[in-house]
Amino acid sequence: MAEQIDVRHEVEFGFLPTLGSERAFSWFDFTLVQTGFGIAAWCFLVGGYTGTFIEGKYAIWAILLGNALPVLLILPFALTTARYGVDTFIATNPALGYNLSRLFFVIFAVLNLGWITIACFMLGESCIKVAEVVGLPEFLTTRSTGAPIFSIIFYLIGMWIAWKGPIAIKMFARIGVPAIILILFGLIIAVVFKYGFTHVMNSDPSAPFPELWESVSNSIEVNAGLGFSWLVYLGQWCRLARSESAAVGGTYLGFGLLLNVAGIFGAFTALIVGSLDPTDWMIGVGGTAFGVFGLVLLILANLTSTVVLMYSQSLSVKTMLPKMAWKWAILTNAPAAFLMFSPAFYDGYTKFLAYVSFIMATFGGVLVADWFFVHRQRFEVGALYDHGNRQYHYWRGWNPAALLAILTGTVCYWLLYNPVTFAYTKPFALFGAAIPSFFAAAIAYVVFARLLFRNLESYQLDRQWRLRVLSGEADAVVVTDGMRPTPETVVEEAVPPQASAAGA
Amino acid sequence: MNEVSDYIYQRAGKANSDQFEGALYDELTKRLGTVRKTTGLQIGLSSWKAWLLPILTVLAIVCVYLFWIVPQY
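From first to last, the protein sequence lines are chains B and R. Okay, so the first sequence: first residue is 0 according to numbering that gives the first Met the number 0, each after it adds one. Okay, so the second sequence: first residue is 0 according to numbering that gives the first Met the number 0, each after it adds one.
Looking at chain R on its own, in the form it has when it is part of the complex (with noise of 0.2 Å):
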């Protein structure tokens, strides 16, 4: 069961046989690899193009606060 450290060991409660947290944590070492191999190791800001939207709109908003009510200031 000591898969990743004597952390998990514990918290997967073997040496109290909780049976819940054991098979939480069973469950929780089985899914790191596959959380590893489907998104852990992704190209960084993949997703770029959702990021269009957010960057273009603040940039406008920013612009007409410095170029427009800054200047009243």
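Bound-form chain B, shown alone (with noise of 0.2 Å):
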């Protein structure tokens, strides 16, 4: 019956743990995929936002502080999907229990909805300027009925892309990241050679907090939950790295540096401009011409960060339910659509974004912490997929101690910035909230499961396994494509003999 299978098909969309001999991507192909995603909508609007709230000298560093630290953090959870070529709600599973995987499933397809709704609809307002530039009709050049209407039409061309899977995006990307590249020459050109540097660096924020150091921290905090945003969506590529190098290192320059060039040239756009949309500043930069054509740019890169995120989303579905078809996996994107209807979410992006940063801060704090101080890097790759093994069963698929760490992460953010209301208090000043809220889970992570919870079954399980490995008993399991263990043998020596006898 294995044979009947399309073996590659399935590691392609999501379920089967990859292979070094199935890894499609090179270290050069990594770095530009992860480039072509990270360079999109969100990029600009944080880049926009910052160049808003604070000068160009300040900017930079904090463009750069709020991305590259935090994607560092993350960044050995990259390595742990890379090294055993599984998706990132597998992975997961020994931090946080099947059960609490599965919630953090649901929470990323939430979320990645709105990622959705953001690319599509920035898509939506480059489309009503050409628009109006073209003489269309009114009601496709206005915000309340043109962009929502350009949105949903790329939306369904971007769900038919991922529909037909990683080679045509893959193709796609071959068109979306030069044209990414050629907007940011074209802003690169603009803010060195018709304003200049100096304009830049003089030039004054259109919408500063009262204190360089309020200025800053929200500039870093928006930036930071960019940066930590990146957490879900590092499973999906990192298990198709043909080695940890290519995982850890693409990511980096993908999300962590790379993303950045964009970022800054986009708060120096936005401190000409005054405006932080990047629909506003093609056509005020570079004059009508130049401004359409940017334009077309931008729709182009936003259409292949559709792509990706509807891809991801879509391949992550799969991992969850492998009988569903491909083309269901691809219809979950749809209540995006719903929120496209007006600027609203658009317009709304800062509160998004703090949603996000507290979630993905609390959740990567754990992810790490449980890879370094509980797992100790290893993971039984069997007890991954394996919901009646009780090594990762924890309380009925729950680990109360990712549970906990997660609610201390969570208030540890909230009293430090409020989400709702965007009122912060003084320790905010240093590093933001999302940063300290990864740190506060992280440790107490630490905290509950190697004191609180220490004698849970699982982690006792855990030991007996790893000191079996670290003896060299477990490593007797060595199954090959085309021998197959008896069930004596997986049962025995690849999983702890306890484990064995619960059921699912």
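Since the hints were derived computationally from the structure, they do not count as laboratory data. One thing to keep in mind: the hints can contain errors.
Heads up, simulated DSS-like pairs for lysine-lysine below, C-alpha to C-alpha not over 30 Å straight-line [unchecked claim]:
no.	chain 1	residue 1	chain 2	residue 2
1	R	K48	B	K322
2	B	K322	B	K163
3	B	K56	B	K322
4	B	K56	B	K326
5	R	K29	B	K326
6	B	K326	B	K425
7	B	K128	B	K350
8	B	K163	R	K48
Just the calculated beta-carbon pair ranges, DEER-fashion [as the list claims (entries may be wrong)]:
no.	chain 1	residue 1	chain 2	residue 2	range
9	B	M200	R	Y72	15 to 23 Å
10	R	V61	B	Y194	39 to 47 Å
11	R	P70	B	L102	39 to 47 Å
12	B	P136	R	L55	50 to 58 Å
13	B	M170	R	L51	52 to 60 Å
14	R	V69	B	A422	15 to 23 Å
Glycine included, each C-beta is placed from N, C-alpha and C at the ideal position.
Given two chains presented individually in distinct reference frames, assemble the corresponding complex, making use of the accompanying hints.
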């Protein structure tokens, strides 16, 4: 029966752990894909917000710090998924338990709809500006009617490309990524040659806070929201990286560094034009002809990002429900269309980013702390999938240590920064709220897992299994393609004896 | 078929003769050993050189922030 399935197809679409020979992305491809995914609507928007808060000389460092530090903090999770060749929501099982991983997946799916909406709505806004230049009817040139119509049209096109699968995405990225590079090139030319760095550096932000620390901290916070948001997108791609170095290096270069070029020049342009919206910049900076060209490139760039977002979500749906047809997995992106009916969601970007920020920072803290200090960089790969194995089962599939740690991180975040009212306290001044919340969740998790819940059956089983691995006993399980293990071999040697007795 | 546990047996669709899930989980149980052998037992941080760039650049950025921007607050 195993011969009847198309293994490559299934690897591409998410469920099976990838073997070395099946990994498609070299270091170069990987960096290209991550950069293409990273530099899009959200990146220009975050840069734009930063440019409206602070001067250019501070914006550079706030953007670099806000993105590079969070990406470095969650980078061990990229290594995890690359090492085992598994999707994000399978690699989270050891830290969270099977059911909390499922809940994390649901949270991801909801937040992903928000990202799709932002990319598509910016695309729609670009379209109405082009429509205005070419003289289309008024209902196609307004934010209330035109932008939603164009957003939904391109959203459907994106869905079709995502349905075609990763090869189509790879081909499409070869159009989308150069488009992004051209936009950046245009912004850089405008900043350097048309206006000059001196003008940019001396431009005052259009909406600064009363104190410098407030402006800088808020800038770091919006950027950190973007930096932490990559957590849930790591597995889908890192499992296809040909080496751990490609996964770590490509992820950091793409999300941690190269993305910042767009953010920084976005901030500079916002300082010149006085608007945070990238669709305002194109004609404002380049004039009509170059502006329309820039808007078309922005449309392509955002379409690329939309496709990758849709593919990532659908892929994860397939890992949770492998029997689901690919077309139905793609259709789980459908609710995003409802958020495109008005500009309200797009205009509330910073609020959305704040929620993303505290959720991903707290989950990230738990996942990374677990990898280093609790599971000590070793997962039992069978138990990642086998919900009948009690090694990662905890309390009915919920890890109480992780739950309490996430709660701790959340309390920390809300004490520092309220994402509903945007009110903040003085300690927020140094590193914002998301970065401290990451550490709060990480420290709490280690304390809870190693002290309070130390005697939990799952942690005991894991310690026993690790001792067996270190002593060489568990290494006896060697199953190669074409060789089938006997039931006794796997049950007795791959997992602790107590684990196999339990049901799902 | 019950190589790993009842959970895999159930997910493999044997009870309701679901060929797709059966084949998928057969392939999974075959692969688990290979993945254990090739990746699951690596030394942690085996790709340590890949960490140099991220750590050094973030250190530099944090230093600029702490020693240049923060004193201006």
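Checked against the structure, which of the hints given earlier come out wrong? Hints 1, 3, 4, 6, 8, 10, 13 contradicted; others consistent.
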